[in-house]
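A.B. asks: Whole structure, please, built from the sequences with the hints as guidance.
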Amino acid sequence: MATLVQAVRMALHYGETHLGVTDVFGEDVGPPLGGIFTATQGLKTAWNSPLDERGIVGTAMGIAYAGGRPVCEIQFCDYGFNTIDLLKIAGNQRWAGAGNYDLPMVLMMPSGSGIRGSLYHSHSFESWATRLPGWKIVMPSNPFDGYGMMLSAIADPNPVMVLLPKALLRMRGAKLIPGEPADQDQLRKMIDAPLGDRSKWQPRWPDLKECFIPFGEAELRREGTSATIVSYGRTLPLCVEAADQLGSEHGLKFDVLDLRSIFPYDWKAISASVMKTGRVLFVNEDTEVTNFGEHLLRRVIDEHFYDLLVRPRVLMGKHVPGIGLNQVYEQNTVPQLPQIKQAMHAVATEDA
Amino acid sequence: MRGKPPAPADNGKARVFQPAKANGERSLSVGSLARERCLEIHRIMVRARLMEERMIGMSKSGEGYFWIGGPGEEAFNAALGLQVKKGCGPGYDYLHLHYRNSATMVALGMPLVDGIRQMNMKFTDPHSAGRNFPGHYADKAWNVIPVSSVIEVQFAMAAGTAHVQKRHGGDGLTIVVGGEAGAAEGDFASCMIWSTRPGKELPVLIIVMNNGWGISTTHCSQHAVKHVIERGKPFGIPGEVVDGNDPVASWFAIEKAMKYCRKERKPYMLEAMVSRLYGHSSSSGAPRADEPDCIGQFEEKLLANGWIDQETIDKIHAEAEAEVEAGVAESGAEPAPKPEDIERYTYADSRVDKIYPGDYTGLPE
Ligand SMILES: Cc1ncc(C[n+]2csc(CCOP(=O)(O)OP(=O)(O)O)c2C)c(N)n1
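Top to bottom, those sequences are chains F and B. For the first sequence, numbering that gives the first Met the number 0 assigns the number 351 to the last residue and increments by one with no breaks. For the second sequence, numbering that gives the first Met the number 0 assigns the number 364 to the last residue and increments by one with no breaks.
Among the hints, erroneous ones may be present.
[As the list claims (entries may be wrong)] Straight-line Cα separation of at most 25 Å, BS3-like style, residue types lysine-lysine; simulated pairs:
| # | chain 1 | residue 1 | chain 2 | residue 2 |
| --- | --- | --- | --- | --- |
| 1 | B | K139 | F | K87 |
| 2 | F | K87 | B | K225 |
| 3 | B | K353 | F | K267 |
| 4 | F | K275 | B | K353 |
| 5 | B | K84 | B | K353 |
| 6 | B | K199 | B | K262 |
| 7 | F | K87 | B | K84 |
| 8 | F | K174 | F | K199 |
| 9 | B | K353 | F | K174 |
| 10 | B | K199 | B | K84 |
| 11 | B | K85 | B | K337 |
| 12 | B | K353 | F | K208 |
| 13 | B | K139 | B | K85 |
| 14 | B | K85 | B | K353 |
[Said to hold, decoys possible] Selected chain B positions facing chain F (Cβ under 8 Å, derived; list incomplete):
| # | residue |
| --- | --- |
| 15 | K139 |
| 16 | A155 |
| 17 | A347 |
| 18 | G361 |
| 19 | P363 |
Calculated directly from the structure, the hints in this document are not laboratory data. Backbone N, C-alpha and C define an ideal beta-carbon position, used for all residues, glycine too.
C.D. replies: This is the structure in structure tokens:
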């Protein structure tokens, strides 16, 4: 089974061989390193850029304007903040320009906490990102989705932001990517660059197949009637784990929805599940003031107020200036398994 | 901001127009550019100017709101537009313009009514469907990248189009234009850095339109370096300061710059010293400034050369005025955007989007 970062790499390879990707670029993206998380090793279109995030986003826009299909990377979303006006323009240019230009660009950014990254390797970006109309924003929580959503990001002719949960980049999934060898050691030997001198190394790519995971389609990861849990990214596997534990310990059964696509989001799936359970908890790790989960909460209140059995709620990161390095800070700033489990138990068991 | 800029601390030298060095005699002499070409440039300048002046009027009469535009930059901009390799795609020149480039668009062939449609905020405005300020052009057929109000961002994008052009082959180049105050933004440095990566230099023609002003802030009060293009030196980017009020000097400077970029596939810088004839925008009242007027100056030279007579000049102005008025009338009768148009043109069609296979239609349902 591939890791998430291998899945992304394979998707980019499929993109440059089958979907017209012309440039994969960013800081340390090209050889010899192939990305600080190895997402871009061995790609024939990968190149290193100057250390200039505004230049990276702007150049991707220019490439897309000129008919290329760029995938650019900001090394950590924590360093994307100085590009926000360019991201705004990438999102609004088609609208502002009366549809003159499409802008088929992909921006990928490792995002969120979980690697003991301290202040500037732990930020979340999705709430900021959802304030950029014109973009599509996805955040896979497993390698299979990472592959399929990256292919969709490439195939979509609009700006697409792929937020990669840093904490999950080395995680393996349960589903084989089409074309991927079943043996993970074999895959590693084929596509992971060796340590040391790589100047003569060439990847041997598996015979990958097309597999689009469409935007706006959530996946139901656990099914139940006790409550609806909606999450994505790093906190999603924690919600699944908590659901399993609460199932065996208390006999509770949850609908756990992996949103996958943050914008557009699968409102139908959320809505149908809330109608079924009357109880809903949104879980993410972005900071709690003006959090994307609050938007979903607002829609639940607007459209399902009278369908709810208990108050709907959001579990999210604390509104503090950063995530501190000492793990006491991190563990108490962004949702971890115990808090998630407790919040899920509470929403499922509060008297109606 | 009304009136004349205060004399700069360096006794005005910063605003002294420096004739092109390579061929001293050509810079102020009409005779070095063919008569037909000069007359063509003149007509474009007049048409662009009268369009802008009418739009200033519209901003004051309530027919439009905000005005910003290019009076004072017509000489350079017309000479630029006429030398663009016009077309769609990387084989042709890309234009990353700022909001004072009307005369470039007119030189490319934009009918005046299209500029007026934008001022009029009509849905028929081909550049923004009545959404953007005037002078914010976008035209895919001519590689005109959508102009944004955000100062200098076009300099962050220029390397991208040029990168594709270099890979594509041919002689297409990327032209990026901005004011001298905006060149303080990091995006200007980004453009120099990205277009001079060793072995990966890019055909970018970097143009700084130096009118001496930000909105109310003089260049010399903020910058120790007199000319913006001096910043190109450490990058090995050649450049030239040109009298942007002189269409002939501008023509030859642009010709030389373009030749270099097309052939060498490397960046080049031009700094055009220009007037700002109606202040920053309508928000400063757009009063007529006491600065050299490129049209009046050019007409004097054309007259002195015997290439035009006053009667013909008057006729050209009258024709331009009639064209503008016809454009105002025509666009005035056209439909405004409708409430249901607010989402239009957000997304291109997608085969992988379940919610928005076509355009945006409001929040997911
Ligand atoms: C990033 C940004 N900051 C500030 C502004 C507000 N603003 C609009 S024009 C302008 C001055 C621009 O001066 P210059 O670059 O010299 O161009 P000019 O208008 O003189 O042609 C300012 C400060 C803006 N539009 N964008």
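A.B. asks: CA of K87 (chain F) to CA of K225 (chain B), is that 25 Å or under?
C.D. replies: violated (33 Å)
A.B. asks: Tell me if the interface restraint on A155 (chain B) is satisfied: Cβ within less than 8 Å of some Cβ in chain F.
C.D. replies: holds (3 Å)
A.B. asks: For the pair supplied as a hint, K199 (chain B) and K84 (chain B), is the alpha-carbon distance within the 25 Å limit?
C.D. replies: holds (22 Å)
A.B. asks: Holds or violated: K353 (chain B) and K174 (chain F), Cα atoms, limit 25 Å.
C.D. replies: OK: K353 (chain B) and K174 (chain F) at ~22 Å, within 25 Å.
A.B. asks: Holds or violated: is the Cβ of P363 (chain B) closer than 8 Å to a Cβ in chain F?
C.D. replies: With a minimum Cβ separation of about 4 Å from chain F (threshold 8 Å), the hint on P363 (chain B) holds.
A.B. asks: Between the alpha carbons of K174 (chain F) and K199 (chain F), is the straight-line distance 25 Å or under?
C.D. replies: This hinted pair is violated, its Cα atoms lying about 32 Å apart.
A.B. asks: Against chain F, with CB atoms and a cut of 8 Å, does the hint on K139 (chain B) hold up?
C.D. replies: Cβ of K139 (chain B) sits 4 Å from chain F, so the hint holds.
A.B. asks: Is K139 (chain B) within 25 Å of K85 (chain B), Cα to Cα?
C.D. replies: holds (11 Å)
A.B. asks: Please verify that hint: A347 (chain B), Cβ, nearest Cβ of chain F, below 8 Å or not.
C.D. replies: holds (4 Å)
A.B. asks: Between K275 (chain F) and K353 (chain B), does the CA-CA distance stay at or below 25 Å?
C.D. replies: holds (23 Å)
A.B. asks: K87 (chain F) and K84 (chain B): Cα distance at most 25 Å?
C.D. replies: violated (30 Å)
A.B. asks: Is the Cα-Cα distance between K353 (chain B) and K267 (chain F) 25 Å or less?
C.D. replies: Holds, at roughly 11 Å.
The structure does not agree with the numbered hints 2, 5, 7, 8, 11, 14 and 18 stated previously, though it agrees with the rest.
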